[in-house]
Amino acid sequence: MSTILTILVALVVMGGIAWVLRFAGQQVTNGAPFFRDMSFGVSFGYVLGVVVLAWLAWGFMQSRSSDPAIANKFFFLGVAIKGFVIFSIAAWLFRLLGRTVGTDWTRKMFRQMPLTASFGILAIIVYAIFAIFAGAIAPYGQDEIIQGVAANIIPGGDPAMGGDPAFPLGTDQIGRDILSRLIYGAQNTVGIAFITTMLAFFLGGSLGFLAAVVGGWTDQILSRGVDVLMAIPSLIFALLLMTIASVWSSRLGIPLTVFMVLIIALIDSTRVFRLARAVGQNIVVMDYIEAAKLRGEGMGYLVFKEILPNATAPLLAEFGLRFCFVFLTIASLSFLGVGIQPPLADWGTMVRDLAAFINFAQFAPLAATAPLLAASAIALLTVAVNFVVDWMLHKTSGLKE
Amino acid sequence: MTDTLLKMRGVKLEGRSDETWNPIINGVDLTLAKGEVLGLIGESGAGKSTLGLAAMGFTRDGVRISEGSVEFDGIDLLKASAAVKRGLLGKRIAYVAQSAAASFNPAHRLMEQHVEGPTQHGVMSKAESEADGIELYRKLRLPDPESIGFRYPHQVSGGQLQRAMTAMAMSCRPDLIIFDEPTTALDVTTQIEVLASIRDIVEQFNTAAIYITHDLAVVAQMADRIKVLLKGDEVETADTRTMLSAPTQEYTKSLWAVRSFERPLKAPVIASAVPSVSVQNVDAAYGKVPVLHDVSFDMHEGRTVAVVGESGSGKSTTARCITGLLPPTSGQIAFNGEVMPADYRKRSKDQLRQVQMIYQMADTALNPRMSIGEIIARPVQFYMGLTGKQKRARVDKLLDQIELEPSEYYNRLPSELSGGQKQRIGIARALAAEPKFIICDEVTSALDQLVAEGILRLLARLQDTLGLSYMFITHDLATVRAIADEVVVMKDGRVVEAGPKAEMFKPPHHPYTDLLLSSVPEMDPDWLTNLLQERGVDNIGDAAVGKM
Amino acid sequence: MGNVLSIVFQRLALGLLTLLVVSIVIFVAVNMLPGDFAELILGQGATPESVAKIRTDLGLDQSLVSRYFGWLGGMLTGDLGTSFAQLNFQTNLGGGGGVTVGEQIAPRFANTMFLASVTAMIAVPIAVTLGILAALYRNTVFDRAANILTLSSISSPEFFMAYVLILFLAVLNPILPSLSNIYEGMDFSDRLQKTLLPALTLTLVVTAHMMRMTRAAIINLLASPYIEMARLKGMSPMRVIVKHALPNALAPIINVIALNLAYLVTGVVVVEVVFVYPGIGQLFVDSVKIRDIPVVQACCLIFAAAYILLNLTADILSILSNPRLRHPK
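Protein chains in written order, with this note's numbering: chain A, 1 to 401; chain B, 1 to 548; chain C, 1 to 329.
I should point out that these hints are in silico values taken from the structure, not numbers from a laboratory.
Check the hints yourself; a few may be wrong.
Straight-line C-alpha distance at most 27 angstroms; calculated DSSO-like pairs for lysine-lysine [claimed, not checked]:
#1 395(A) x 422(B)
#2 305(A) x 231(B)
#3 293(A) x 7(B)
#4 293(A) x 85(B)
#5 266(B) x 293(A)
#6 7(B) x 288(B)
#7 397(B) x 305(A)
#8 7(B) x 126(B)
#9 53(C) x 289(C)
#10 289(C) x 85(B)
#11 293(A) x 397(B)
#12 85(B) x 305(A)
#13 253(B) x 293(A)
#14 7(B) x 305(A)
Being a predicted model, the structure only gives us computed values, none of them experimental.
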């Protein structure tokens, strides 16, 4: 109760400060438009922003405290702030690079790019490198239980804290190198999500355009079918189908992961279908399509020459969003234990296996980083893709005006 | 009339796009006396609406006033506080928007929105304002003035909404009203009523007004003085009659000159000649809704048939029947005496080639991802089977014909072209099929007057050299005068009247043709007054307006 | 009004039809299992007698269609069948009369509803307020910060959010419990305290979605000419919002809320597993792992029904709030 009271009092005090500051600003500048037309909400926002920044700075100082109890408590805040600053600088440098190197077109693109988008692109490139060259980068195999090495080595590589320099991120509960598994996770989780999305796009995209161009009964049947499939929440539907697939997979000897790819691609293709159909319909009503039809052009020419080239921008943005969605669904399934199966290393499974270490955070914050690293690896990629997509959507919507 | 109401000095406006500020208006002066009506004309993109809003001290998102001053009755609107400005807007300066349907709040009744200004500004009580609203509706000749205010916006027609919005602008008896293209979205016959009521009420309350439009004839009826804008710069300002009779600037003269383009009359068609296209007793329907009733007319080689009518009259539907996009429910289409399959999918390649179309919106008629060369080359390859150098040579020739330099335009994308150039590409694509018959669907209505005239001259020249026949769909009678040989007037899906142009512009007419013809504004500043007197509306109007 | 009512009835009928078709899809999907349920329940080493007994118990000797109607009828009357785990237990040990699926699901369903309501209670007011604020102060620092934060929150998997909250609110600062061991007969404040952490996790995800959608809806609205007209009539910013924007914003905002509550349906599954919250989501995942088909089938239908119902509500409320339909010409 006292916490709530403190917060309330703090809010009232901040409100008071905001009012006084605005009033003072009006008096000092003699009614300059900036202060004169400032609403109370805006001045409160400024005060709130300053308070939050000050608290973050204080927290950061605490994380460097010599008292381990305090330092441990603020360890994660410190890491988060450091991470934020490092990522921002990396994104800024990357954008600077993009502005100086490359063709006129890319340089122009980087000049108009917000920092979030350049961070997104940088992160996607890094992930892609790890995913493609996982075998060459990772020091150990993904399911290699290293002989003579203890399980549960604490990340950080500091022997005093229970680490081992040979395993900078420690080992897991059965003695596998976490760093290697993270790197292989990029290959497995991202790779599988990518293949699934491609499949979903191929299926949903072609059917969506077909429905848009042909119209009539084909459109009705496909659309109603998709409506029904979309009436079942996707994760629930995926879990149901995975139950059935798990029986089939053991019977047929086909890995469950293959079924998972097919199931998620099917479920996700319904969303792609909707978008492709909507985009297709917008294009089909254009006069240039009518002109082509009246010329006597065939279906192939219409779809590949007239429609598809005009649908690439929205489809590309949708690809990013769908990839995130598929990726998160796979991670969630794996986290629930019915997704990507061992021996493949995968981030969702890693989070589940290592989750118990979170409870050591108060005394050994480094130990708790292991599950969070895997979870952040997932979050970072989806955030990155979303940043890029957000920017792309903003850009295309801006051009329409 | 020496009292200055509004004084704008060196106003510069900038708009934000691609993260930079680009000029929209480069320093325009504007002075308006009390009770004076100033017409602001210019082509699309001349910045007239933005300037009109700036006169209220208002800018839309992404627009800013970078320099200059706007002084309304001694108050500097650019330096005044938000509260002071709010006190003026609605009360002393009012605004009438182009689209009344979108500018009325769909959630409230007309009267609720009408009384909002007077009650919030403390000019009148709610009851007074409602009574006054009914009075204003009556003066604006709205049907059912007592009850129309209690309807929701979507229950009232466009022309009536536009007048209700004028009433709303009048509700606080402002000193100045900005009319932003109030009749652009209306049909000509509706436009007349709105113009007449606006003019009456502005005159009666001695309200000053800025009337923004792109239509010279309209502004000639409404304004005391005219200011011409071109790409953000003032071209000239003068008294309406002076401006119309003796424009000084080249640009203004060229605007006036457009109206003078007219093709010589052709000899009448020989009765026995086989028409190149013949529409015979066509009925058509969209689903179950019938839209065409027994439409018949012929089109002959080397001649232009203008199909005229207001929106919803069935002009474009007729075109869709001819092309085969909408198979008629009964009746048939014949090319050179040969009956065509009703559905375009059943027509042969050569039959399809014979009918070509040019569209109203060149933007949507050209695939934005194809280069100009590809767009024109496709029919050349598709119908003529030409490839390689032959194809290129043919495309170059077509580009020559539409007066665009082949080497310069071949590789460009449609987005790099102006509106008029895009329309020329549409013409070239139609010509590439080497047709005998081309449907031109409102091809000039989206273009500015000068550009539109260029297109009309080009079409006329091509017709003479290639012996084409045109079906020219339009709602603009000036265009009909300029290019038609024969005219077909349509209303509610029926042909009302048809015949050679010379006859059509001479009485006696079918009453609808008469209404349509007489409703087209002319450049004569007395046209509206004379017309109203002729129709006797002015008397009714006077009786309704009465004395306060 | 007749017009509106008929549209609403049409939508209701369509919703019911969808639900019926969905039930068929679920039933058919489950019957795509290879071989026989009986073997699946008892494993490879089952005796022929026990297999035969289970087959009669489940009615597997009947046709697919009659089994579907039997199942659907049972669903409608609240008889959700017997779980495989229970059947196995009964057949092998000869015990009779265990817990039915219905008895298993009912308390958990109540728990999940409680979790969802607490989440909605926190998330809806915060999200709508923040969304409106972001729209009003669009393109300011506040809006940009909110954009980055919500985008990050949407992009992160639910379990990441859950563990971050556990880390900060349960482990580093022991304010709330990290395990939600809820049982019957618990007093309300205890129950609330144990539900708070999963509810906060869901709130973070749902609020972000809802706030972005509210912002988009309001910005779309503020761009309409009638809002510009109201400003040009000299109305105060407050009046423009309250009188002109809000009546028209109601439909999109209701839509946003309903859609996000529907999203919650999926969200609970992962969160319940993380916090070991005894809700229907956790039961669902457990049943999936042990392939307990009747429970999976029943849970799936309940989730789908909730989802369809919420979407239907959104649809109907937005029809009702449309003045064009309420006041026909």
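To see whether the hints hold, each was checked on the structure:
no., hint, verdict
1, 395(A) x 422(B), "25 angstroms, holds"
2, 305(A) x 231(B), "37 angstroms, violated"
3, 293(A) x 7(B), "56 angstroms, violated"
4, 293(A) x 85(B), "55 angstroms, violated"
5, 266(B) x 293(A), "35 angstroms, violated"
6, 7(B) x 288(B), "58 angstroms, violated"
7, 397(B) x 305(A), "25 angstroms, holds"
8, 7(B) x 126(B), "33 angstroms, violated"
9, 53(C) x 289(C), "25 angstroms, holds"
10, 289(C) x 85(B), "68 angstroms, violated"
11, 293(A) x 397(B), "25 angstroms, holds"
12, 85(B) x 305(A), "54 angstroms, violated"
13, 253(B) x 293(A), "43 angstroms, violated"
14, 7(B) x 305(A), "55 angstroms, violated"
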